[in-house]
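Peer 1: So you can see what is in the structure, the chains are spelled out below.
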Amino acid sequence: MKASATNLNQTQIAENVIDRCKKGDVRAFHDLYNAYAAAMYNICLRMTNNVSDAEDTLQEAFIQVHKHIGKLERDASVSAWIKRIVVNHCLNTLRKKKVYFEDVEEVEVMAEDGIDEAQFSWTVAAVKSAIHGLPHGYRTVLNLYLFESYSHREIAEMLGITESTVKTQYMRAKEKVRQIVKQQNVTR
Amino acid sequence: MPDNFESFIQQHRDEFEGPGPSPRVWAALEKDLTEQRQGRVVQLLRKNWFKAAVIAVLMINAAAIFYFTGHKRHQQQELSAISPDLQEARTYYTTRINAKLQLIDAYPANELGLDSTARQELQLRNDTYKALEKELKNNPGNERIRAALIRYYQLKLDLLDKILEELQDRHAVPGHTKKQYEVEI
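If you read the protein sequences in the order shown, they are chains R and X. The first sequence begins at 1 in our numbering and counts up one residue at a time. The second sequence begins at 1001 in our numbering and counts up one residue at a time.
Check each hint, because a few of them may be wrong.
No farther apart than 16 Å at their CA atoms in a straight line, the calculated lysine to aspartate or glutamate pairs in the EDC-like style are these [as the list claims (entries may be wrong)]: (1) 22/R to 56/R; (2) 176/R to 1003/X; (3) 67/R to 1030/X; (4) 96/R to 56/R; (5) 1031/X to 157/R; (6) 167/R to 1111/X; (7) 97/R to 148/R; (8) 67/R to 1161/X; (9) 97/R to 56/R; (10) 167/R to 154/R; (11) 1100/X to 1158/X; (12) 98/R to 154/R; (13) 1100/X to 1014/X; (14) 128/R to 1014/X; (15) 23/R to 73/R; (16) 96/R to 60/R; (17) 1137/X to 1085/X; (18) 174/R to 1165/X; (19) 128/R to 56/R; (20) 96/R to 53/R; (21) 1031/X to 25/R; (22) 128/R to 1006/X; (23) 67/R to 1003/X; (24) 128/R to 1030/X; (25) 67/R to 15/R; (26) 1162/X to 1105/X; (27) 1100/X to 1085/X; (28) 167/R to 1003/X; (29) 174/R to 1003/X; (30) 71/R to 56/R; (31) 1031/X to 75/R; (32) 1162/X to 1111/X; (33) 1100/X to 1003/X; (34) 128/R to 73/R; (35) 71/R to 154/R; (36) 1100/X to 1161/X; (37) 176/R to 1158/X.
Partner residues aside, some chain X positions facing chain R, computed with beta carbon under 8 Å [claimed, not checked]: (38) 1005; (39) 1009; (40) 1012.
Worth flagging that the hints you see were computed from the coordinates, not collected in a lab. Owing to the predicted nature of the structure, the values given are computational and were not obtained by experimental measurement. Glycine is no exception: its CB is placed at the ideal position from the N, C-alpha and C atoms.
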């Protein structure tokens, strides 16, 4: 089953699923898992960069979802709540792998001379491959901003760094992706 | 304003999504949740083992008390229900026998000239009496047993009377016995 990122917020779960989950109904929790597992797994995969870590992180995240579902308020967004738990677990997995997020000096990142985006084609496979090859720090910021739609401020809070560092890291990550995709176009 | 790269991502966002996780994730998750639930029950019992033990003992005691009191009440009801007329006779003879036993017991043991076995035999509820009572409970309608029990009371009374007479004769102040005897006549 393929996840639909754009429709995540509209993911439909039966009205009483959350109430049943809160009462400890495992079948209801399975329904909840089925509704969100694919989208959340894709977040884990983008963040951790490998299948094994992604699956382990997803499992740990859903254990926390199960444990704390009683605290979920009736009017809260289920998808946003689960997504935040999943993202936090992804960041913990990265930290366990000694990935540190540190403030960097704010510098203006200029597009490398000679990169004319109009002259090479963007493809999903090329971008995926380029993001996959980014250093952990760049990839994390880029994923959270571009794919998970968190603001620079929210990302700064999650990573414990300044908002300006997030912006700089993001600009550098984008530039790096451009270079990799350009390189792929040249060698093709 | 989004650049070419950002625009490309927005336009192709869904294409960046792959398939979901393998079934092993849910299998592992379900196993974890089951263990957690079992763990919670064990933890709860471990935490409150003393309370659980006290409750268990109280329940056992309550059941035992209920059983024994119920059983005893049932037995008593059974005796009075079996033979109300015999109950009357028993009250009558028991009162008289106990009164005579009290008089006999007032004499020192060496005066009686009876050993402990013989003295035990004098008591109302001796082995013969217990055997007869048991038989009556098992065969409430048996007239022979009822008659034997009445006969037992009568013989016991006669025996106690004879012993008392002998004791009184032996310890009577001269003249007193005669006077009393004359009064009785």
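Peer 1: Is the straight-line distance between the alpha-carbon of residue 167/R and that of residue 154/R 16 Å or less?
Peer 2: Holds, at about 12 Å.
Peer 1: Quickly compare the C-alpha distance for residue 1162/X and residue 1111/X to 16 Å and report which way the hint goes.
Peer 2: It holds: about 15 Å lies between the C-alpha atoms, which stays within 16 Å.
Peer 1: Need the status of pair residue 1100/X, residue 1085/X: alpha-carbon distance at most 16 Å?
Peer 2: Distance ~23 Å between residue 1100/X and residue 1085/X Cα, so the pair is violated.
Peer 1: Could you grab the alpha-carbon distance between residue 167/R and residue 1111/X and see if it respects the 16 Å cut-off?
Peer 2: violated (120 Å)
Peer 1: So if I understand the rule, the pair passes when the alpha-carbon distance is 16 Å or less; does residue 128/R with residue 56/R pass?
Peer 2: Distance ~22 Å between residue 128/R and residue 56/R Cα, so the pair is violated.
Peer 1: When you check the alpha-carbon spacing of residue 71/R and residue 154/R, does it fall within 16 Å?
Peer 2: Violated. Residue 71/R to residue 154/R sits at ~22 Å, over the 16 Å cutoff.
Peer 1: Verify the proposed pairing of residue 97/R with residue 56/R, using a straight-line Cα cut of 16 Å.
Peer 2: Status holds; Cα separation ~14 Å.
Peer 1: Have a go at the residue 1009/X hint: is there a Cβ in chain R nearer than 8 Å to its own Cβ?
Peer 2: Residue 1009/X check passes; min Cβ-Cβ to chain R is 5 Å, inside 8 Å.
Peer 1: Has the given pair, residue 128/R with residue 1006/X, been kept, meaning a C-alpha gap of at most 16 Å?
Peer 2: Holds - the C-alpha atoms of residue 1006/X and residue 128/R are around 13 Å apart, at most 16 Å.
Peer 1: If you draw a straight line from the CA of residue 174/R to the CA of residue 1003/X, is it 16 Å or shorter?
Peer 2: holds (10 Å)
Peer 1: Hinted pair, alpha-carbon criterion (16 Å max): residue 67/R, residue 15/R. Please report holds or violated.
Peer 2: Not satisfied, since the Cα-Cα distance of roughly 20 Å exceeds 16 Å.
Peer 1: Between residue 96/R and residue 56/R, does the CA-CA distance stay at or below 16 Å?
Peer 2: holds (13 Å)
Going through the hint list in order, the structure does not satisfy hints 1, 5, 6, 7, 8, 12, 13, 18, 19, 23, 24, 25, 27, 30, 31, 33, 34, 35 and 37.
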